[in-house]
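Residue numbers (numbering that gives the first Met the number 0), protein chains in the order written: chain S, 0 to 748; chain D, 0 to 49.
If you're looking for bench data, these hints aren't it; they were derived computationally from the structure.
Incorrect hints may have been included.
What the hints assert, rightly or not - Derived pair list, reagent style BS3-like, types lysine-lysine, alpha-carbon separation capped at 30 Å:
no.: 1; chain 1: S; residue 1: LYS512; chain 2: D; residue 2: LYS26
no.: 2; chain 1: S; residue 1: LYS52; chain 2: S; residue 2: LYS17
no.: 3; chain 1: S; residue 1: LYS567; chain 2: S; residue 2: LYS589
no.: 4; chain 1: S; residue 1: LYS567; chain 2: D; residue 2: LYS26
no.: 5; chain 1: S; residue 1: LYS567; chain 2: S; residue 2: LYS496
no.: 6; chain 1: S; residue 1: LYS231; chain 2: S; residue 2: LYS589
Every value quoted in this text rests on a predicted model; they were computed, and no experiment measured them.
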Amino acid sequence: MSCCAPGTGGILLDAPSKEEILLASRNVGDGRFQTFLSVAGVHCGACIAKVEKTLSDIPGIEEPRVNLSTKRVSLRWDDNFNPSEMFVALARVGYPATLMDLDVDQPDPILSELIRALAISGFAAGNIMLLSVSVWAGAEAATRDLFHWVSALIAIPALVFAGRIFYRSAWFALRYGRMNMDVPISLGVSLAFGMSVYETATHGEHAYFDAAATLLFFLLIGRTLDHVMREKARTAVKGLVRLSARGANVRRPDNTLAFVPVSEILPGMIMLLAAGERVPVDCVVTSGSSEIDASLATGESLPVAVKAGHRLVAGTLNLNGALEIEATALAEESFLAEMVRMMEAAESGRTGYRRIADRAATLYSPMVHLTALLTFIGWMWVGADVHTSLTIAIAVLIITCPCALGLAVPIVQVMAAQRLFSHGVMVKDGAALERLAEVDTVLFDKTGTLTLGKPTVSTLVDIPDEFRAIAAAIAAFSRHPVSQAIVAAGPVVGGFKLETPPVEYPGLGLEAKYGTDVFRLGRAEWAVSAEVTANRYTSLSCNGSLLAQFLTRDQLRPGAAAAVRYLKQTGQIVRILSGDAETAVAEVAKACAVADFSHEMLPGEKVIAIQDYARHGHAVLMVGDGLNDMPAFSAAHVSMATATAADVGRNAADFVLLHQSLDALPVAHRVALKSARLIRENFALAIGYNVLAVPVAILGYVTPLVAAIAMSLSSIIVVANSMRLLEPRRTTKAAPTGTVATLSPGLAQ
Amino acid sequence: MNNLLVLIPVALFLGGIALAAFLWSLKSGQYDDLDGASERLLNDDDTLPK
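For reference, chain S alone in the conformation it holds in the complex (with noise of 0.2 Å):
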């Protein structure tokens, strides 16, 4: 257990229902049920055995099994018995876990066919070139008209099953009038095979067997990395704590009560909120009082308290107190989904952007296609026969097949996707990393992104430890921000046993008897006494007296005052977009040496500055984590969240920061612009060697071995050429430190 720290273990608050739980289950026959929960803190063996191990010794689980590249366990639980149970136990040994959405379990369709045709094209690709060997090195006439035909059956299932992964993308292309890598691609293996055959059945000497299936096979080596790294980022931004509800339970009209999924609650139904749960739709409280936290959907970072009247919005989170809720509105019409229309009505940041890719690929089909036509007419005008004429063009095609172009592009975008792995940054996918090296301004918001969205005791200076341990105990029961921030404070040994649970006063703070005492930690006139003054500090008192005040504040991002550094010097505009109020915002900003802030804003508003900035022909890169960001995460040109975000901001940001520190900004940007130089230059190698190889081909003198040499050459020399990309290996692990890395450490290993 030496390399796992546990987790702050203690209480855990946030158990889903049975119900819940089940919304998220697949029944598996005999009242069984297998679900899936995410445990971010699995990072070894021993990890493993004490999960496995844990679950198993709660009735009703059977076969727990961690995934630990995926850092998830699958189970199967008894409907006798209540499985909240699990997410207690597994709190309690430092390894707290969320449910996860059935659906991903669901197996990578896409990723199997390509594994599948790269080993089929691998292995007709290898066993082809062997016999190849065999003819270049001079088999006689009998003999290589032998191999030929060997070679075209082991080349017919690898053109069948890994070609048309290209013949599919190729045809799409064409059909609406577009151009791709593909469609040169497809043309030049189809022809290179169909010349083959016909040679062979003429006893011709010169059959391109070999290269049709290496060609196959090291472009599905480029397609499956990319497939790889995309859906590497989707599972991991999937694996971060969801912050929606699922659903809610509903009062019946005869006083029952039922847990209805969210797409089922209508305006009208009224609810109970419990303490910490998310408020599943548009509603206005009926009665009981709360603090809510609504930090994700508006940006302000001071919890609100809520009482009969106050409208809520869906999404955010019930701190202290049970509320009865009336729905106001159908949840596909509740902020969530008001912001995502949003989102979708501003999709045009980067709807003009084409991939570089595809970009050359509309420059070179038609250049190399021109080129083999020419040949093939030059050679018909100087006095050669159909036969040899047409042989050279498709030698032409099968040179130019872009081999190394298919590799330039995302062998670099895996290489720089692992490496801001490693520094806890996940890629949406290389168009990402394409547009960031673009950008030239960068939008903050500031709550939950250059802050920490959740304050944290900042002095500590003159409290005794006794005090602290005791002030710790006691907030352990609470999810109001304050309470978990003298929590994290909190000693980390010699801890205080409370006998009995606190009474939490939503607004005013816990009270809690020890023996003939009674603590009170919260506001200070209320913990106090009526008559101290007001102030910012939360006290904590025995029988009214005062033990020790905490100040609490909201604190800046590590790392956020030398990104905006690192981003001034590299001469990009910098500014903060925030909803919160003015001063917050100031003080912000001055710490961060952001001269141009603007606070109060609406998400329309952010949407609105962001495409007044692209009008001017600004690149703009937003930073930001809440709901009220989503709509300018669409209109950037390119965007990024913390770990922190909403999952809807999770899934809509191109780059999600894992870590907590705001370092990682300048790094992703500083790989970005890399890729994009190392980009260019792979692009200038293949074109290069199709300066070479072209004119050598245009006369006549490629023959399948100059063939094969040169397309492998230079696909080795551009992945070669990426890999510098590649950090050189570190002997120690950096390790995740900060609260928000104990929410998905190892994910970047």
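Based on the hints, put chain D in the right spot on chain S.
Below, chain D without anything else, positioned relative to chain S:
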């Protein structure tokens, strides 16, 4: 020439076995958790996964 007629099918057959073995291992989920498999080796618990 005659020995070639024997050897080529033999070579292809052996290669084909390797290909089939790979496709089978892929299908039976042996690549699903590469990190976990290497760590599980060190666990003392000898119970087989069900």
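Taking the hints in turn, this is what the structure says about them:
no.	hint	verdict
1	LYS512(S) with LYS26(D)	59 Å, violated
2	LYS52(S) with LYS17(S)	22 Å, holds
3	LYS567(S) with LYS589(S)	15 Å, holds
4	LYS567(S) with LYS26(D)	51 Å, violated
5	LYS567(S) with LYS496(S)	50 Å, violated
6	LYS231(S) with LYS589(S)	38 Å, violated
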